[in-house]
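Novice: Sequence:
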Amino acid sequence: MDKKSLLDFLSEMDSKFKKKITLVAAGGTAMTLLDIKTSTIDIDFTGPY
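Here my numbering is used: the first residue of the sequence shown is 346, the next is one more, and so on.
FYI, nobody ran anything at the bench for these hints, they're computed from the structure. A hint or two may mislead.
Mimicking DMTMM-like on lysine to aspartate or glutamate, the simulated pairs with C-alpha atoms at most 25 Å apart in a straight line are [as the list claims (entries may be wrong)]: (1) K349 <-> D359; (2) K382 <-> D353; (3) K382 <-> D347; (4) K349 <-> D380; (5) K348 <-> D389; (6) K363 <-> D380; (7) K361 <-> D347; (8) K348 <-> D359; (9) K382 <-> D359; (10) K348 <-> D387; (11) K348 <-> D380; (12) K365 <-> D353; (13) K364 <-> D353; (14) K365 <-> D389.
Take these sequences, add in the hints, and give me the full structure.
Specialist: Next comes the structure, spelled out in structure tokens:
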């Protein structure tokens, strides 16, 4: 999954949540969003529990 796909996914998820939450990208997801890698196989986020 490339950066654009990740951002599209986040935008789609944002439209489904009624409240604002904070997600922290981890692993390959973080590196892809920071343009360190061109893509990632999976999506890694952590958030409030």
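Novice: Against this structure, judge whether each hint is valid.
Specialist: Here is how each hint holds up against the structure:
Restraint check for K349 and D359: the C-alpha separation of about 15 Å stays at or below 25 Å, so the hint holds. Using a Cα cut-off of 25 Å, the hinted pair K382 and D353 holds, with the two alpha carbons roughly 17 Å apart. With a C-alpha separation of about 9 Å, the suggested pair K382 and D347 falls inside the 25 Å cut-off, and the hint holds. Annotation: proposed proximity of K349 to D380 holds, straight-line Cα distance about 11 Å (limit 25 Å).
Straight-line distance between C-alpha atoms of K348 and D389 comes to about 13 Å, which keeps the hinted pair within the 25 Å bound. Under the criterion of a C-alpha separation no larger than 25 Å, the hint pairing K363 with D380 is inconsistent with the structure, at around 30 Å. With a C-alpha separation of about 22 Å, the suggested pair K361 and D347 falls inside the 25 Å cut-off, and the hint holds. For the hint linking K348 to D359, the alpha-carbon distance of about 16 Å falls within 25 Å, and the restraint holds.
A hinted pair counts as satisfied when its Cα atoms are at most 25 Å apart, and K382 with D359 qualifies at roughly 24 Å. For the suggested pair K348 and D387, the alpha carbons sit about 12 Å apart, so the restraint of at most 25 Å is met. Between K348 and D380, the direct Cα distance comes to roughly 8 Å. Compliance with the 25 Å bound is thereby established for this hinted pair. At roughly 17 Å between alpha-carbon atoms, K365 and D353 fall within 25 Å of each other, so this suggested pair holds.
About 19 Å separates the Cα atoms of K364 and D353, which keeps this hinted pair within 25 Å; it holds. This hinted pair checks out: K365 and D389 have alpha carbons roughly 19 Å apart, not beyond 25 Å.
The structure fails to meet hint 6 from the earlier list, while all remaining hints are met.
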